[in-house]
Amino acid sequence: MAVHEQFADDLAIYAAGSLAAQEAATLEQHLETCPDCRRELEALRGDAALLALSAAGPAPPARSREKLLSAVKKEPRRQRMVLYHARPWWAVAPVAASLALAIFGLFLWRENRNLREQQAEMQQKQQSLVAELAKTQHESEQAREMLFMLTSPEVQKVSLSTNKNAPQPAGKAMYLRTKGHLLFMASNLAPLPNSKTYELWLMPMSGAAPMPAGTFMPDEKGGAMVMNPPIPPGTQAKAFAVTVEDAPGSEKPTMPMVLMGAGE
Amino acid sequence: MAGLYDRYSSIVYSVALRVLGDTGRAEDVMQEVFMQLWRNPAAFDANRGSLAAWLAVIARNRAIDALRKRRPESNIEDVVVAADLDLESDAARKIAIEKVRGVLGGMPPEQRRAIELAFFEGLTHTEVAAKLGEPLGTVKTRIRSALQALRKVMA
Numbered sequence: 001m002a003v004h005e006q007f008a009d010d011l012a013i014y015a016a017g018s019l020a021a022q023e024a025a026t027l028e029q030h031l032e033t034c035p036d037c038r039r040e041l042e043a044l045r046g047d048a049a050l051l052a053l054s055a056a057g058p059a060p061p062a063r064s065r066e067k068l069l070s071a072v073k074k075e076p077r078r079q080r081m082v083l084y085h086a087r088p089w090w091a092v093a094p095v096a097a098s099l100a101l102a103i104f105g106l107f108l109w110r111e112n113r114n115l116r117e118q119q120a121e122m123q124q125k126q127q128s129l130v131a132e133l134a135k136t137q138h139e140s141e142q143a144r145e146m147l148f149m150l151t152s153p154e155v156q157k158v159s160l161s162t163n164k165n166a167p168q169p170a171g172k173a174m175y176l177r178t179k180g181h182l183l184f185m186a187s188n189l190a191p192l193p194n195s196k197t198y199e200l201w202l203m204p205m206s207g208a209a210p211m212p213a214g215t216f217m218p219d220e221k222g223g224a225m226v227m228n229p230p231i232p233p234g235t236q237a238k239a240f241a242v243t244v245e246d247a248p249g250s251e252k253p254t255m256p257m258v259l260m261g262a263g264e
Numbered sequence: 001m002a003g004l005y006d007r008y009s010s011i012v013y014s015v016a017l018r019v020l021g022d023t024g025r026a027e028d029v030m031q032e033v034f035m036q037l038w039r040n041p042a043a044f045d046a047n048r049g050s051l052a053a054w055l056a057v058i059a060r061n062r063a064i065d066a067l068r069k070r071r072p073e074s075n076i077e078d079v080v081v082a083a084d085l086d087l088e089s090d091a092a093r094k095i096a097i098e099k100v101r102g103v104l105g106g107m108p109p110e111q112r113r114a115i116e117l118a119f120f121e122g123l124t125h126t127e128v129a130a131k132l133g134e135p136l137g138t139v140k141t142r143i144r145s146a147l148q149a150l151r152k153v154m155a
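First to last, the sequence lines map onto chains Y and S. Counted from 1, the first sequence has number 18 at position 18 by our numbering; the numbering is strictly sequential. Counted from 1, the second sequence has number 54 at position 54 by our numbering; the numbering is strictly sequential.
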């Protein structure tokens with residue numbers, strides 16, 4: 001490892017938590033630009049951890065276990081009850097309830113998949129408990145972002161329909177331009193043969209060509225959902241549309257449009 | 001959390017007790033370390049090393065902060081500890097502890113004193129040099145080679 005020799009002593013002392021402030025500042029500046037020295041620092045901290053182990057032995061008093069567990073109970077993980085801040089449109093839109101259920105289902109499914117992957121990992125490493133917590137936190141972060149999509153006034157909401165008598169295909173797109181997040185849900189879609197697929201399009205405000213925003217097939221009740229297709233953040237949307245394309249999807253929309261809607 | 005506590009509380013507590021020499025304060029530090037992990041489990045990067053080693057280093061840092069009655073100097077997620085060794089099972093940990101104690105026992109007393117003053121008493125290297133009446137350069141080299149000796153024996 002190409003550690004800079006002039007920092008070798010200081011790195012060790014820094015890892016032991018003992019480098020005086022002035023030298024520490026100089027070293028920290030160097031560490032910002034030197035991955036080799038950062039790696040060596042991490043390894044030296046591992047050596048310092050061994051030193052810490054030499055103190056091992058005494059067990060904490062029995063009462064501290066209860067104390068910690070009850071402190072943990074009082075402080076639930078970062079969870080915000082976003083649903084309680086729901087905006088009025090949410091209350092009147094029946095589609096939103098099923099959307100929330102779908103998201104929750106997706107969240108559970110992902111978490112489940114995630115847990116299964118991590119179970120295998122745990123057998124290998126016997127230490128992924130914390131990694132699992134971290135990943136679960138990440139998933140709940142995603143779910144929270146999706147709930148934000150449903151409730152935030154910043155989010156552009158577009159209804160897509162054919163304006164005919166019910167039951168007609170209908171869709172709703174929720175798009176957060178700043179993050180490039182898009183949530184689309186459709187209902188009453190006609191079934192398609194396997195050789196075809198529905199495709200969602202974003203019509204840019206700039207007048208550029210329609211951008212593919214994900215393909216989807218309806219379930220047996222004609223419902224479908226597209227979540228976060230790859231859209232560059234910042235893309236301004238004038239409208240959204242759905243077409244039928246040859247599977248597995250197209251780069252250009254084929255007329256006619258099944259659904260179409262402009263921003264509200 | 002109960003599982004983590006059962007497995008790691010003794011390490012965290014022992015390190016804090018070694019630094020603080022007071023069971024009540026050591027218990028407080030242990031409580032704080034576990035609560036931080038609870039609030040921010042992503043702070044520990046499981047791909048980079050062992051949880052036992054990471055907790056040992058975090059416990060030492062927090063105990064020194066408590067000793068000096070100062071606010072925590074670093075965020076726990078900024079402390080990455082790479083330890084390529086198995087400290088997770090009780091048996092493996094016992095072997096490691098014995099090896100480490102063997103290395104420390106075999107060190108020249110002045111070297112052992114230097115690294116212990118730095119690590120467990122939280123003295124800066126200049127304070128260590130003043131306390132031992134030795135040149136700065138000598139103290140620096142002693143601390144570095146002490147850590148090297150620990151790495152070598154575990155390799």
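Honestly, the hints are just simulated from the structure, not real lab data. Hints are not guaranteed to be accurate.
[To be verified] With a straight-line cut-off of 30 Å between C-alpha atoms, the simulated DSSO-like cross-links for lysine-lysine are:
{"id": "1", "chain 1": "Y", "residue 1": "74", "chain 2": "S", "residue 2": "69"}
{"id": "2", "chain 1": "S", "residue 1": "69", "chain 2": "S", "residue 2": "152"}
{"id": "3", "chain 1": "Y", "residue 1": "196", "chain 2": "Y", "residue 2": "135"}
{"id": "4", "chain 1": "Y", "residue 1": "73", "chain 2": "S", "residue 2": "69"}
{"id": "5", "chain 1": "S", "residue 1": "69", "chain 2": "Y", "residue 2": "67"}
{"id": "6", "chain 1": "S", "residue 1": "152", "chain 2": "S", "residue 2": "131"}
{"id": "7", "chain 1": "Y", "residue 1": "67", "chain 2": "S", "residue 2": "94"}
Below or equal to 30 Å on CA atoms is what counts here, so check residue 69 of chain S against residue 152 of chain S.
It is violated: about 35 Å lies between the C-alpha atoms, which goes past 30 Å.
For the pair supplied as a hint, residue 74 of chain Y and residue 69 of chain S, is the alpha-carbon distance within the 30 Å limit?
26 Å, holds
Would you check the hint for residue 73 of chain Y and residue 69 of chain S, treating anything up to 30 Å between C-alpha atoms as holding?
Measuring from Cα to Cα gives roughly 28 Å; hence the hint holds.
Does residue 94 of chain S sit within 30 Å of residue 67 of chain Y, going by the straight-line distance between their CA atoms?
Within the cut-off at roughly 27 Å; holds.
Residue 69 of chain S and residue 67 of chain Y: Cα distance at most 30 Å?
23 Å, holds
Take the C-alpha atoms of residue 196 of chain Y and residue 135 of chain Y, compute the straight-line distance between them, and say whether it is at most 30 Å.
Since the Cα atoms of residue 196 of chain Y and residue 135 of chain Y sit roughly 36 Å apart, the hinted pair is violated (cutoff 30 Å).
When you check the alpha-carbon spacing of residue 152 of chain S and residue 131 of chain S, does it fall within 30 Å?
28 Å, holds
Taken one by one, the earlier hints fail for this structure at numbers 2, 3, listed in ascending order.
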